[in-house]
Each structure stands twice: as C-alpha cells, then as structure tokens.
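Trainee: Single-letter residue listing:
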Amino acid sequence: MSNRLLEGIKDGEQLKIAAAGAWIAENARNLEVLIDGETLREGAITRVDIDMGRVERLDTFGAWLLERLVRSFSARGCETKVTGLKEDYRALVDEIGGVKPEAKVAPPGNAITRFLASVGLSLVSVGHSFTAFVNMIGALSVALARVLARPRSFRFTSMVHQLDNVGWRAVPIIVLITFLIGCIIAQQGIFHFRKFGADIYVVDMVGILVLREIGVLIVTIMVAGRSGSAYTAELGSMKMREEIDALRTMGFDPIEVLVLPRIVALIIGVPILTFLGSMAALYGGGLVCWLYGGIDPDIYIQRLKEAISLDTFKVGMIKAPFMALVIGAVACVEGLAVKGSAESLGLQTTASVVESIFLVIVLDGCFAIFFASIGM
Amino acid sequence: MAGGNGKEVVIEVRDLVVGFGDHLVLDHVDLDVYRGEILGFVGGSGAGKSVLMRTVIGLLPKRSGTIKVFGVDLAAASDAERHAVERRWGVLFQQGALFSSLTIRENLQFPVREYLQVSQQLLDEIAIAKLEMVGLDASVLQKFPSELSGGMTKRVALARALALDPEIVFLDEPTSGLDPIGAGDFDSLIATLQRTLGLTVFMVTHDLDSLHTVCDRIAVLADHKVIAAGTMETMLASDHPWLRAYFHGKRSRAGDKKQALPAV
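Line by line, the protein sequences give chains A and B. First residue of the first sequence: 1, per our numbering; consecutive thereafter. First residue of the second sequence: 1001, per our numbering; consecutive thereafter.
A few of these clues could be false.
To give an idea of the chain A side of the interface with chain B (calculated C-beta under 7 Å), a few residues [unchecked claim]:
(1) ARG29
(2) GLU32
(3) ILE96
(4) VAL99
(5) GLU343
Simulated from the structure, these hints should not be mistaken for lab results. Bear in mind the structure is a predicted one, so any value in this text is a computation, not a measurement. Using N, Cα and C, we set each Cβ at its ideal position, and we do this for glycine too.
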C-alpha cells in the first residue's frame, strides 16, 4: 500500500512523480521516506512534474511534505511543476508554501568551552543565591524595624496561624523521631561501651550529644523539610498567580505581610520544638538504658546531672532561633524566585530544602568553633 | 448520519443531563453540529456552556443522554474507539493550558510525537508550519509559555490544538482577554483555518463580533436548555426575551444599527 503513495519514473532528464492515496498525518512517516528517496535520485534532472491528481486526502503534514519535495528539487535547479491538485486543497498548499524554515543556530564553542561555561554559570548562580539571601536578611531587618516602630502593623493573626502550622502540628512527628533517635544512640552506645565495661558513660554521651547537637539538628532538618518546603511552595504559587504583584500594587510590602510572620513563627516555634525534641530523645535514651542496658532510671538521672550542665543545654537552645532564621529566609527567597512554570516551582522547592539543610549544618559547624573558643 | 438539511452531523447531543450535587446544569439538552461549520455557542455566564463542551469532550460525567461524535457513542465506545475519536479533535482551553515546563516547540510536538512516528526533522518543520498558520514565526519556538503575551499564548494553544490536523476543534472563549484588534485577527484566523483545513469549529464565546463575523450558526443555552439554534438572522428575528436582550442589547450591533438607521 505505502509505496503507491508516491511513484517516480525517470524519463531522460525529466522526472515524473505520481502521487496517490491519503497524504495525511498517519502516512507521514512512509511518505517522508518515499519523498527523501526521490529527492536523493542520482543523475541529471532538469524537469520535475508532480501529479497530485489521485491524492484523495491532504492535510498539513501532506501539504508540507509536498512543499519539501518541491523545494528540494527547486534547490537543485530543476523546473518543478505541481499538477492536478484539487481545488479544495489549493488554499492549504498556498498557506504552507509561505512557511520559512527555521534558521539553525549551532550552540557556540566546543564541548570543553561549553563545560567550562556551565561551571561558570553555576558558580555565578551560587553567587546570585547568596546575594538574594543577604538581600532577604536586609529586607527582613527593614520590615522588622518598621514593625517595631508601629507594632500594631505586625500581622499577629497570620503569625499565630503559621505558628500553628509549623509548631503545634509538627510536635507529634518531631517528638516521635527524636525519641527514636535517642533510643538508637543509647542502644549503640551500650552495645559498644560494654566491651570496655564503660556502660555508664553512655549516659554522658546521650546527654551531651542530644542537648548540644543532635536534638537541634534533627529538629531543624525536619523543619526544613516540612515547613521550609511548604513556605517555598506557598510563596511560589502566589508568585506564579501574580498574587504577590497584587499585594505590591495595593501598597503592601510582601516581606512585611507574608515573609515576616512566617519567619517570626519559625523563630518562636523551632526553639520550642528543639526543647521538646531534646527531652523526647533523653527520655528514649533513658528507656533503652533501663530496658536494654540495665541502668536504673534513678542512676540515669543522677548520672545525667553530673554529666551535663546548664551550658550544655544552652548551647543547643541558642542555636535554634538562628537556624530557624536561616531556614525561613532561604525558603522565602526560593519561593519568591519561582518563575512562571510548574517545573520552576518544583526546582525552587528542592533547592530550598537542600540549601537550608546545608546551611543549617554549616551554621552548626560555625557555632561549634565559636562555643569551643569561648569555652562553653 | 445526515441532518435535516442534508449535511453530515459530526456531533450529536441528545437528551443530555448534567448536574453537580442537587444543582442541575444541563436539562435534556439537544444539539447538532454539522461538518465544516463554525458553530458559536452562547449563553449567560454560568449557564453551562463550558460544562456542555467539557461533557462532550469527556472531561465531565453526564447523568443521562447520549453524545455521539463522528457517529460514535462515546459512553459505549471501547478505549480504542475513544482514542480514535480523541485523535480527531483538538481543544483550545480558555487559559491556553500550555505545558508550562515545556518550550513552545515541545508543546507543539508533544501530541504529534505521541501519536505518530515521524522524524525529528519533520516534527520541527511541522511545528514551524503550524506556528506560521496561526500567525507566529519560528522565533518563539525556544520560549516558554510564561514568556508569551496573552494573544500569543492563545495562538500557540490553537496551533497545539491543530497539531494533529483534527477534524473538529473546540474553542473555549478564544477571544476573551484579547484587545479588539487581536480578537478580530483571531476571528479571521479561525475563519481562514476553517476554510483551508475544512475544520468543524465548536466555539464557546461571548464575543458578539465573533458571532457576527465568523459563525455560520449560533446555538443559545439558557434555562438549562438549548433554546435556539440557527443563523444570526434567526437569532435577530427571534422574540425570546433572553435572545432579544442578548442580541439587541446596548453592546450589540443590532442595537447600534437601530439607533443609527431609521426603521425600514
């Protein structure tokens, strides 16, 4: 069937092409092969006659392929004539005849320069996100100063609503996870310390590790994944639907209306969650020490009192609000950087979580150096 | 399958009932669309024009009644038959519904790539041909939908609706949100495409100018039913109060003429 769509007969320097059947999208693949076969015909050809008389149906695909046939022969300097085209199809073929081919733009440079260019571009984009972050901190400070000057303008309801979302509703999952982490640290400690007969030092390890580092880290990583991503998605979809532009035109500062209440909610919520998480982890550790390590709860508490001081607790709690600020600011920066597409929303949300977890860990490292140097 | 006037009926809606909860939107609606015509479908806001369109193309469930497209009852058809019918229509959504994460080139090639196995070269060439048919050129191919203006988005969406050379196109308020010049251009574009491609066009619209200039027939939805279907002259001659309010209102051409010309 398919080879009857197009048949070429060469007669001296003249090529007669007879077309037939349905020149439509479904046959486009076969037709394309046949047409390319004709255009690659060897030998001198000066005249091409294309008889479209027996074509029953023609659509845009067929019309374009006819145009391609005509153009490639014309480009070879042949005199090309199309005959027998049904009147109904004349308008379509004329329309397609005006189509200009796309100018091909080759990507500049070779593979090495393109690779270097992409490295350079990603470095620049790291720089851009750093400036955007610093910008956000600056804008937040301005908004905060304005709010402090006129405390009534603070969006208290919005802040409470956000606090409910990121604080209260996060309590069950955070308590559960930190409890489990506490159990695991204690179990691993007992298992290995027992070889040296140093079981009791497990309590020191659990206490210091949980209060100084693990409690706050687990909580902030959870919050970054849970609430940071939500902030980015909320602000991002508002950006996509021009809601943020609408706020601006009404004379509101989006930072003050949307960002500040969210970040204040995080700064209040994260220390509370850190406290609850640390307690849950200590409780989990104690439970495992008792059931698995045979350390009596009274002894656990007694030992804990000796091992940790108020400083240990303060080290963890001081870090919490700073980490909350970093998570909130990164999430809002990324949310406001969303562009028109659904894909961009996904990319920015991913970037928000990855960046805030990374920055939280970097910040934790900086705090470790700081506390070590002031002797806490 | 021939209608009363001998033309082939491509969309046949009989006794269609559609509702949400206890709210009845379409109450025993009948409608015929003939091959090769441009049907303008009008009705008040919230009357259920888009609901009828979305029910015909299968996006909303119906309570009872039959919908036949190309003589195929879509509710009773097998998956393969349904796909064959869907392949023969194109839909222009009100907001364009271009895929925001794909470039214009990929948007236009997506349906073609899924349904037909053709070379990348032909895909590229056809994408440009379609763009030129809707009055754009190859320069927009690399752009993303969010970078286009409203009018361009509508044109690209129309080009995508036409990607597979459908026989029917459904247009949901194609000229809404366009300036009068852009809307006029879009109307003549639809008329040209209808002529060159032999399309059947089902157009939901509010634009009285579109109804006057490009529509062959007009169907009117009011009180949950199609209360009238026919040419512009039939509509203007009708005594139905809603039709009089719609076609002889302050914004209608008939209204203008009445003020400008003495009664004949």
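Trainee: Hint by hint, note whether the structure agrees.
Mentor: Now for the hints, and whether the structure bears them out:
1. ARG29: With a closest approach of 5 Å, the A/ARG29 hint holds.
2. GLU32: 6 Å, holds
3. ILE96: Hint holds; A/ILE96 Cβ to chain B Cβ min 6 Å, cut 7 Å.
4. VAL99: Holds - the Cβ of A/VAL99 comes within 7 Å of chain B, reaching about 5 Å at its closest.
5. GLU343: Because about 3 Å separates A/GLU343 from the closest Cβ in chain B, which is inside the 7 Å limit, the hint holds.
The earlier numbered hints are all upheld by this structure, with none contradicted.
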